[in-house]
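Colleague: Here are the chains, one letter per residue:
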Amino acid sequence: MLRTENLGKKYGDFTAVDNLNLEVKEGSIFGFLGHNGAGKTTTISMLTTLILPISGNANIGGYDVVKDNLKVRNLIGYLPENVTLYGDLTAVENLRFFGKLSGVKDVDASIENILKLLEFTEWKNRKVKTYSKGMRQRIGIAQAILHNPKILFLDEPTSGLDPQGTKELRDILLLLNQERGTTIFMNTHLLSEVTKLCTDIGIISKGRLLLADSIKNIEKEFPEEKSLEEIYFKIEGAKR
Amino acid sequence: MNGIMTLARKEVKTAFRDNIFLIIIGLFVLLSVISVYIGSSTKNAELQAYQDILHLLKSQGATSLPSPPAIYPLSVLSNIVSYVSMIGAVVAIFLGFESFSGERNNGTLKLIAARPVYRDQIVTGKLLGGGMVIGVLLGIILIFNLALFVLVSGMTPGINEIIRLLSFFLIAFIYMMGFYAATMYVSIKTNDSAFGFMLMMIIWLTISFVLPQLAESQRTFAYALNATAQTVTQVSSDTVASKMTELFSPAAQFQNIGKDLLQMIPETSNIGLGEVLLKQIGAIIEILIPGLAVLLLSYKAAQKEEVL
Amino acid sequence: MKSFKKSILLLSLLAIMLVSSVSTVFAAEVSAPEFSTGCNLSSGENKALSLFIQNADVAPHSYTLTAGDSANSYELYFSTNVATVKSMTVPAGTGNQVDLNITLNGNASVNEDKLTVKAVRDDGKENIVNLSIIINKDYALSVKSMLDKINVLSGKSADFTFSVMNNGSQDLNNIKIKPELPYKWFASQGTEAIMNLKPGETGTTTMKIDVPNSQIAGNFTAKFTAVSDEIGSSLISVPVTVKTSSNIGYWMIGILILIAGFTLVQFKRHGRR
Amino acid sequence: MIIEIGKKEIRDAFRNKLFLSILAMLLVLTVVSIILGSYQVKIAMDNYNSSISFLQSLGKAELPPMPNLNPISASKGFVNYIGMVGALMAIVLGNTAISKEHKNGTLRLILSRGVFRDTFLNGKLLGNLAILAGITALTGIITFVSLIAIGGVALTTSDIVRLLLFFGMTFLYMTFFTVLSMGIATVSTKGSRALLITVIVWLVLSFVFPQIGDTMDMDNQIPGGFFSSMGMSRDQEHQVLQQFKFYETLRDGVEEMSPTKHYERISYALLNVKPGFEANTPWEVVGLKWINLIGLLAPSAAIWLLTYIAFLRRENIYQSN
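Protein chains in written order, with numbering that gives the first Met the number 0: chain A, 0 to 239; chain B, 0 to 307; chain C, 0 to 272; chain D, 0 to 320.
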């Protein structure tokens, strides 16, 4: 589904991502772990065609993110961190706008479906600026999956959400993954998130990928560590 | 193309949902209506006065009566020129100052860029959207003004007047779009929308007031000199210095065109539209060029990665 | 600028009026000092005499004009249209008109006066015209304001009282006061009042002047002339100081005090925090 | 305490790029307008003197009055620039003073330190007024120096007092906009919105109201003046004006609401730009124009008191947007 080869990005002298080799299988939930400034957002920005890599290449669903950017954009759904959407528009209006930009044929029907799936029909005609953070995040997800993308990119989706909101979001993502077979790629620095949701993880530090494998394999590889947290700190510590 | 239209429509929708923007629009429309009302009343009073004078002369048995005052219908609407050049520009700035920086802060710019649209289409979409809002606004003012004009002054504008009026609104549109494009460019370049806004306000102040003011002070200076010597030599109202200063002000150029088109200057009131436009071709180009330049710069700047 | 234009208009009207009432004198190439009839002048009266400067030469010349040698004291200046000139250039073979403006200063010491007008060509050639001026003492009218200075509130009216005196030796009939007021000011009473004065008599009249509401505070001048059927007096200026009516100021202060009280109550009730 | 907050304000302001750029622009404009003005005064003085001697040589006793040639009218352009750029600068200053505290969350830090809310506001005001006073003084010095150096004129005591009073008015005018901007920023929860609203208010006060006033003056509607173009007599003029009495009242009311108009009127009177005040002493001018002085002072004071109340009673002042 997604593969990168020696993907790299520099900002001036600062190397944000360094020769990244990643593979994400179709139907998996990939957790991209790393602390703040590790290069997670830069990676996701390159994969979602927002910025251009300076080296290597990446392809999604067989399309190169640089050369076939428009085709890639049709395949992906994306929810950046801290999106507030258009506060003066209602949920439906926001969704219609993004749906049309993605070229969704019957926008209103898809919106109806999505809102039902997310159990949001009740508030759909209120202005987005009146929503709570959790509600806004749900509309954020809705805009990202409206056009039925093959792969969904989420950047710190649970940041700022309360435990209730976090759980709801997790349920939605699982539902999507199981019912529609959507591949999910999510950035996070919360380990607990990863253990509860992901099938595969990658750990990135200072732009370098330290480890990428399925959770099962990792647990096999590190038998003496009791939790993912310990594994994470061990790898982090060893490389430092 | 579809994407552009979607973007444009969204611009229109959000603009008309913004309360502050609505206040400004309301102000704009209200002012132009008031000004037309006053203009029409003045014309009425003028006609009334003429009738009174005629009556007086006839009762005195005068045979040669003065000809009726040359009333150019459009000059009733002449106050619009100053309103458009002033508030119109501010409306365009209000419309554009968050066009990119606002979306960047919302995170929605990333959302749009991750959809199958090209970056230049985003700029085009926003330009189109802004153009639609400004067009609608000018349309409302045009209709309001025409209606009020007919209602209050009781005159019906002829084909010539309507064509002049339409071309004035077209130039007003270009003028406002210039400001919109410049604001959009600033909005692309800066993250801080308040900074961008204030920057544009300063630019607006400079070209709309400071430069014409400088030109004006040069002009009155030349005039004062002559008045002192009590020699009324025929000074051309434009001294070289004032002409030079005005060159840098699209606002002054716009007002010059507006005055010609709306029959405020008797000499150009009856000449054909083509002639007026030909006479002011330099001014029109001067209004057009800065807008186009910043638009091209916007396309270029939007391609950069930092834009998001 | 507007007032400037207005005054120009006024001046040109005045000039046209004066020119049409006065005989014309030619200043030809002749150097002989001959007398030409000038004008009848009453004290305080403005007259303009039209003179022609004829350039019979084949080259254009510039002429420098002077006037003087009179027994009485006059205020004199040359003008074309309304602009004051000291010299003028006349193209070859043509003539130019120039007006000599005369006003008598003070009282006349002689009743039959003469005035020498000299036009000096740029090559040194001189042309002299002698004008006779007859001072008319039959008619003389003067007007004085009783108050040196008038204070008035905007939106209110002020009374201007004038004493009008017949200084001449003939009766003056239908004497009226004609005001020249600042923009939007209006004489509401007294414009129609008529006086007839015998020689040496003095009359008083009052005029009510409305100062518009919109007049902002400042110093202004109202100008008046007395005009009879026979003659007009010279223009007098009365300084008027307009003060804004204080209502708006008191309103503003009142509202301020109200707000201050409200603030105080708020602080009392809720305390500082 | 107040002093500490005030000092911090001054330090902050001189790190604010936007403020600094507007200040630079204002100073440039001041210099340009004063230099141009001084030159004009100089040339006009020379010209006037030569034309007076010319008229005297003709024996003309009634000499034209000096038309606006008094040296201090060189600051005329300055009045307009302060009216626009100075107000904008004051707005930026006042807005950032409040909104930056919201944005950085430092408001909580300050108010949890045993500072009363009114003390906090007073300190902010004090600091900002000190900045405005400094700017006013600076422009004043520039004016004096260039008048003497370029214009080459000797200022009388009365001229100096008039100029000083004028700069005092300038300070009051800018103070109004700083106070207004701080007030709106205090009431509003979002800094950038507050800035927008303030700018709209400024536009309305400084441009729209005077413009309406101008438009509503019938005589302004036709070049050269309506009445003279019609050749109307004063009686007719009066009759027409009577019909528009409501207009006139409305027009006055509208203009009275604009501090810019008040500033302009008192400044023009002080600077002798408008004729009619040449004979008065500076203090008499202020006495004649006291309404305008009140018009500058009272709104500032009223808004400031209202800001107190709003700030005192608000619970949600800590929100960051």
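No lab work stands behind these hints, which were simulated from the structure alone. Be aware that a few hints might be false.
Derived DMTMM-like pairs (lysine to aspartate or glutamate); straight-line CA-CA distance at most 20 Å [to be verified]:
no.	chain 1	residue 1	chain 2	residue 2
1	A	LYS225	A	GLU178
2	D	LYS189	B	ASP17
3	C	LYS242	D	GLU283
4	C	LYS183	D	GLU283
5	B	LYS12	A	ASP87
6	A	LYS66	B	ASP17
Quick list of simulated restraints, FRET-style, between CB atoms [unchecked claim]:
no.	chain 1	residue 1	chain 2	residue 2	range
7	A	LEU69	B	LYS278	33 to 39 Å
8	A	GLY180	B	LYS303	47 to 53 Å
9	B	ASP51	C	GLU179	34 to 40 Å
No residue lacks a Cβ here, since even glycine has one placed at the ideal position from N, Cα and C.
Colleague: Does each hint hold? Answer for all of them.
Modeller: Evaluation of the provided hints:
1. A hinted pair counts as satisfied when its Cα atoms are at most 20 Å apart, and A:LYS225 with A:GLU178 does not qualify at roughly 32 Å.
2. Distance hint between D:LYS189 and B:ASP17 is fulfilled; the C-alpha atoms sit about 15 Å from each other, no more than 20 Å.
3. A distance of roughly 11 Å separates the Cα atoms of C:LYS242 and D:GLU283; the hinted pair therefore holds under the 20 Å criterion.
4. With a C-alpha separation of about 25 Å, the suggested pairing of C:LYS183 with D:GLU283 is violated against the 20 Å cut-off.
5. At roughly 9 Å between alpha-carbon atoms, B:LYS12 and A:ASP87 fall within 20 Å of each other, so this suggested pair holds.
6. A C-alpha spacing of about 39 Å is found between A:LYS66 and B:ASP17, which places the hinted pair above 20 Å, so the restraint is violated.
7. For the hinted restraint 33 to 39 Å between A:LEU69 and B:LYS278, the CB-CB distance of approximately 48 Å leaves it violated.
8. Distance hint check for A:GLY180 and B:LYS303: the Cβ-Cβ separation is about 36 Å, which falls outside the suggested range of 47 to 53 Å.
9. B:ASP51 and C:GLU179 have their C-beta atoms about 23 Å apart, which leaves the hinted 34 to 40 Å range violated.
The structure is inconsistent with the numbered hints 1, 4, 6, 7, 8 and 9, although it conforms to all the rest.
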